[in-house]
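Can you make the complete structure from the sequences, with help from the hints?
Going down the list, the protein sequences come from chains C and G. Its first residue numbered 1, the first sequence is counted upward by one per residue in the numbering used here. Its first residue numbered 255, the second sequence is counted upward by one per residue in the numbering used here.
Hints listed in this document are in silico derivations from the structure and should not be mistaken for laboratory results. In this text the structure is predicted, and so the values were computed from the model without any measurement. Just so you know, not all the hints are guaranteed correct.
[As the list claims (entries may be wrong)] Here are a few chain G residues that sit away from chain C, every Cβ distance over 12 Å (derived from the structure):
{"no.": "1", "residue": "Gly-405"}
{"no.": "2", "residue": "Asp-542"}
{"no.": "3", "residue": "Val-556"}
[Said to hold, decoys possible] Taking lysine to aspartate or glutamate pairs in the EDC-like style, the calculated list, with each CA pair at most 20 Å apart, reads:
{"no.": "4", "chain 1": "C", "residue 1": "Lys-14", "chain 2": "G", "residue 2": "Glu-400"}
{"no.": "5", "chain 1": "G", "residue 1": "Lys-489", "chain 2": "G", "residue 2": "Glu-499"}
{"no.": "6", "chain 1": "C", "residue 1": "Lys-14", "chain 2": "G", "residue 2": "Glu-395"}
Ideal Cβ placement from N, Cα and C applies to all residues, glycine included.
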Amino acid sequence: MPRRLVRIWLLQVKQMSRSSFEMMGAVLLPLLFATLAFYVLRAGTHPHALLGASIGAGLMGTWSTVLFGAGSAIDHQRWQGTLELIVAAPTPLIVVLLSLTLATTTVGIYSLVATMTWGAILFGVPLDLVHPAAFLVAIPATIVALATLGLLMASTFIVLRNANALANTGEFPIWLLSGVLVPVALLPTWVQPVSSLLAPTWGVRALREAALGGSPWRAIGACVLCAAVQLALAAVALRRVERRARDRATLALT
Amino acid sequence: MEPAIEVDGLVRSYSATHGMVRRRRSTVEAVRGVSFQVARGELFGLLGPNGAGKTTTIKILTTLLLPTAGTARVCGLDVVADTRAVRTRIGYVFGGDRGLYDRLSGLDNLRYFAELYAVDPRGLRARIDEVLDLVGLGGREGDRVEGYSRGMRQRLHVARGLLHRPEVLFLDEPSIGVDAVAARELRAVVAHLVEDGTTVLLTTHYMFEADQLCDRIAVIARGSIVAEGTPAQLKDQVADDRVVEVQVFGIGEAEVARVRAITGVTSVIVEDHEQAQALIVHCERSLDVSAEVVAALDGVRVGSIATREPTLEDAYISLVTAAEDG
Ligand SMILES: Nc1ncnc2c1ncn2[C@@H]1O[C@H](COP(=O)(O)OP(=O)(O)OP(=O)(O)O)[C@@H](O)[C@H]1O
Ligand SMILES: [Mg+2]
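The structure is reproduced here in C-alpha cells:
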C-alpha cells in the first residue's frame, strides 16, 4: 500500500506540474511573496526577522495552493471524469485521494522553498537555519499535515453539503486557525485551543522554530500525531462520502 | 458454476431538482425491475434507445451506483455487500473523451491505473506493452494524452480496462465517436477477449456491431427489458415481415398515416437522415405493398425504393417502438 500511495502521488505531481496555469502560480507567486516580505519588513533590519518573514510569505503560497487544490480535489476528478474510475477500482478511495492531496501540497511546499530561495537571491535574506536537520524533517511533516487536513475538509464538507463554493468559504476560517496565514499567537486566545488541534499549526511552528530557534522536534511530534488523527477522521468521512455519492449519483457530472 | 452476472428485479430512481429559485423535486425511474443473467464467457449486449437505463444498469453493476431495489451479483458477489471483491474482478470502459489524465502520457496513465488495480509491479511493463499491442496503441504510449485523437483515447480506455485481466468487462458504448476502421479493430479486440474467456457486457447503438458480436441481447426500453434472446431469435420476431424501405424528401404526418392505413402494413417508421428521410414499412411477408406505398406518397419527392429481409435493426426498432408507444 505505501508503495502504491507514493507512485500515485508522484504521477499526480507530474500531471499537476504540467499545468502551465499552476506552474506559473508556483513560480511567480513566490517571487511576489518574497518581494512583499522584503519590502514590508525592511524596516526591521534584524536578519532573522527577514528569514521569518520569508518563511511566512512562502507559507502563504503553500496555503493558497493547498486551499484551492486539496479542497477541490474531489470536484476536480469528477470534472475530469476520473472520479468514477477511481471509485470503481479496488484501492480504497482514501489512499487515492490522500496521494492526490499530498501531490497538491508538494507543489504548495515547493512555493515555500522557492520564496526562500528568491529571498536569498534577490534580497540577500540569510538562509542560516538554526536547526537545518529539523527543518528538513519539518517540511514533509507539514506536507502531511496540510494534505490530511485538506482531505478531511474536502470530505466533511461534501458530507455536510454538496456545493463546493460553500465548502471553500467554510475552509477559509479553518486554514486561518492553523496559523499558516497569521501566527497563532496573534489570534484571539479563545480560538487558540482549536488551533492546537490542527496539524498544520504544529507544522508551521516546527518550520519557524527550526529556522529561527526553539524546540522544533516537539512541534514535529505534535504535528505527526494530529495528522494521524486528521487522517483517521477523513477515512471515516470518506466512507460516508462514497456511499452517499453512490446513492445520489454524484460521482459523474451528468 | 454460477453466472458471471445475475440481475434480479433491479430498480433505480434518481431524484432531480429543477428551477433555481423555486426548487421542485421530481423522481425519474431510470430502471424499473430489470432481471437478466449472463453466463461466464458470454458476450451479452444491452440495447435500447437514449435514456432507456443502460448506463444506469451498468453503473449499478460496476458499484458506482446503489440500487433503489433489487439485487445484482457479479461473479457470485453482491455489488452492495461485497463491493471491494467485485471491484477487483471487473473492468469498466465508457465511450467519450473523458476519464484520462490529459497531461500525462498514455504510458503514465496506464501506470497510474495499474497502481489503482494493484497490478503486480513485477511484469507490469510487460503487461502494459501487451495491452498496448492488443489495442493497437504501441509506439504512441510516450505521447501526452492531450495530443491523442478520439480513437486513440478510446483505445487507451480499453487498454486501461484490461490491465488487471478482469473476469467481467463492462463496455458502455465503447465505439462512440470512433471511425469505422478503428471500430472494426475494437470489435476484433472484444471478440478476442471473449475467446480468451472474459465475460463482456456491451452497450451500443450500432445494431450491426451487436449482431456481429453478441451471443445474446436484451432490449431495454423505458427502464424495462422488452425482449431477450440471441440475435437470430430477435430477428425471428420480425421474420414474418417484409420490409420496404423508401427514401423520401420532406414527408408529413398525413402521408405517414396514409401508408399506415394500407392493408397488410404492420408498422411504419420514419428515420431522419442528413438530407432525406427513410420511410421503413413493415408488411406481411406474403404481400408486396411497394406499389401502394408509392401511391400513398403522392406529392412527396421519392428517391430509391427497396424491398428486403428484416435485419436486427428492424427487429430492434419494432420492439422499441412498440414499448414506447405502449
Ligand atoms: N445522475 C442522474 N440524475 C438524474 N437523472 C438521471 C441521472 N442519470 C441518468 N438519469 C436519467 O435516467 C434515465 C436513464 O439514463 P441512462 O443514462 O441509464 O440511459 P442510457 O440507456 O444509458 O441512455 P444513452 O443511450 O443515452 O446512454 C434517463 O431518463 C436519464 O435522464
Ligand atoms: Mg448510456
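Hints, verified against the model:
1. Gly-405: holds (17 Å)
2. Asp-542: Fine: 46 Å to the nearest Cβ keeps Asp-542(G) off the interface.
3. Val-556: holds (41 Å)
4. Lys-14(C) <-> Glu-400(G): holds (14 Å)
5. Lys-489(G) <-> Glu-499(G): holds (17 Å)
6. Lys-14(C) <-> Glu-395(G): Distance of about 16 Å is within 20 Å: holds.
Every hint from the earlier list agrees with this structure, and none is contradicted.
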